[in-house]
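**Q** For the protein sequence lines, the chains are A and B, in the order given. Under the numbering used here, the first residue of the first sequence carries the number 1, and numbering increases by one thereafter. Under the numbering used here, the first residue of the second sequence carries the number 1001, and numbering increases by one thereafter.
Among the hints, erroneous ones may be present.
Said to hold, decoys possible - Not the full set, but computed from the structure, chain B residues with beta-carbon under 8 Å of chain A: (1) Tyr1008; (2) Arg1034; (3) Gly1050; (4) Ala1054; (5) Ala1060; (6) Val1063; (7) Leu1146; (8) Ile1185.
Rather than coming from a laboratory, the hints here were simulated on the basis of the structure. Treat the numbers as computed from the prediction; the structure is a model and nothing was measured. We put the beta carbon where it would ideally sit given N, CA and C, even for glycine.
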Amino acid sequence: MEAPYDDRLLHQRVVGGDESALGEVYDRLSSLIFGLALRVTRDRVIAEDITQEVFLVFWERPLAYDPERGTLRAWLATIAHRRAVDHVRAEERRRVSALGPRLFEREPVRLEDTVLAADEAQRVRQAVTSLPDGLREAVELAYFGGRTYRQVGEELGVPEGTAKSRIRLALRRLADALAEEEV
Amino acid sequence: MDPVERLYLDALMEDPEVPARSLRPQLLAGARARRRPAAPTAAWAEPYAGRVAAMDALLASAVDDDWSRIIVEGWTLQELVAHLAAKDGLLAAAVGAPVLGPPIDAVDSLSRTNDVQAYERARSPEQTRRDWRAQADALCRHLAGLPATTPATLDGLEAPVGDHILARCLETWIHTADAAQTAEIRLPDPIARHIHPTADLCARLLPWTMLFSGMDGSGRTLHLTLTGEGGGEWRVPLGVEDSAPGEPDAHITADVKRFCFLLGGRGDPADFPADLEGDLSLARDVLTAAPALSGP
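With the rest of the complex left out, here is chain A (with noise of 0.2 Å):
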């Protein structure tokens, strides 16, 4: 999936070492950076220092990210999630450690490229089936489907700002579940 074209000119702009596109694309996406850090570390200490980390590593390498390959918060949202789950493995080994010796290693578990760890996948589709029927079908056509909003609109009969209306309902709610559930 190709980048937005936002994502293309503010990209550009800090390969030319613009620092206000920096401060714009911070601006932009620093709040979902943070609170997908502090979803997986609970910790907003650390979770401030991984998304001033963030913003420092799109700067310092930013041909490292490709907009050819996906939109800019998929990429800066992946370097977020390694990050912090690299922060709590290394806090699991620590706290293990001070336990005693270890009967058993851990398997290593590989890192992958993305935002969600597999749990977490599953908790955002059992989030999903959870909502009532009308947000549900319309997250589902939207984001499993591939439907645009007009195209949602008009599979469930309805004017293409409710859609939309629902399906931004439907975000929230699954922001609330998702939240409810870490406490």
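For this one, chain A is given, so just place chain B on it according to the hints.
**A** Coordinates of chain B only, in the frame set by chain A:
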């Protein structure tokens, strides 16, 4: 990215989490320390400062093997960077900006390139990167206080410094593209605002590339359409003595970036993708002559 991931990110964006304090000022300060932003300079020199920053971004990812790989002209990446520093240094000398590296002995590009490459071979690639960047930034800072029309002589060619710096921009861009190709990295284009003046220089060079190729274009006019971001329309008088363009004799339509690269010696004029109209043999002559001023 798979649909569940996209859904997850969209859901997170609906439920924004905000750090206790803004990390923005800290981020920008940290960023400056990790990779220097484009040097502040005069508006007309910004396309060059931007290409320097882009080359620096490419060099940030270079590892040991990359530095010793041959890029162009039989030069390694380190030697190529030294070559850029050599030519930047000559322009710096021509306008009274600080010249870094070995003291200037010869003032032609090839001899200066040999001198700077010999000097840099004794240094680490990371030092070469720093030396080149320091020279480029010193030049940018100096240009901030000069008018674009300030005359400067480089390789015996006197021209306004504004044109010389656009030529440096094009060369830095092309060599960054050369290095990116070797490293199999996709290099994004400069922004349109930086491409356009570079393309304008290339259009204005056409009478000279014709002259250098032994072709007489005097009294003839080319209508040049360059497509893509940063492109535009030009009416170019093809004789160096011509004071103004006349009615177009030929029309060339081509991609702006490919056209700039053709002037910079990248691409074969014989199979250059372009639409030609009007006097076709004149249009073909223009393309054949286009790379005439490109050197290493």
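**Q** Under 8 Å, Cβ to Cβ, is where Ala1054(B) needs to be relative to chain A, so tell me if that hint holds or is violated.
**A** holds (5 Å)
**Q** Do the numbers back the hint for Val1063(B), that is, is its least Cβ distance to chain A under 8 Å?
**A** Violated: closest Cβ of chain A sits about 12 Å from Val1063(B), beyond 8 Å.
**Q** Under the criterion of a CB-CB separation shorter than 8 Å, is Arg1034(B) in contact with chain A as hinted?
**A** holds (4 Å)
**Q** Restraint: Ile1185(B) near chain A, CB-CB cut 8 Å. Satisfied or not?
**A** holds (5 Å)
**Q** Holds or violated: Leu1146(B) as interface residue toward chain A, Cβ cutoff 8 Å?
**A** violated (21 Å)
**Q** Go through the hint on Ala1060(B) and say holds or violated, using the shortest Cβ distance to chain A against 8 Å.
**A** At about 6 Å, which falls below the 8 Å cut-off, the nearest Cβ of chain A leaves the hint on Ala1060(B) intact, so it holds.
**Q** Is the shortest C-beta separation between Gly1050(B) and chain A less than 8 Å?
**A** holds (4 Å)
**Q** Should the hint that Tyr1008(B) touches chain A count as held when the rule is a Cβ pair under 8 Å?
**A** holds (5 Å)
Hints 6 and 7 from the list above are not met by this structure, while the remaining hints are.
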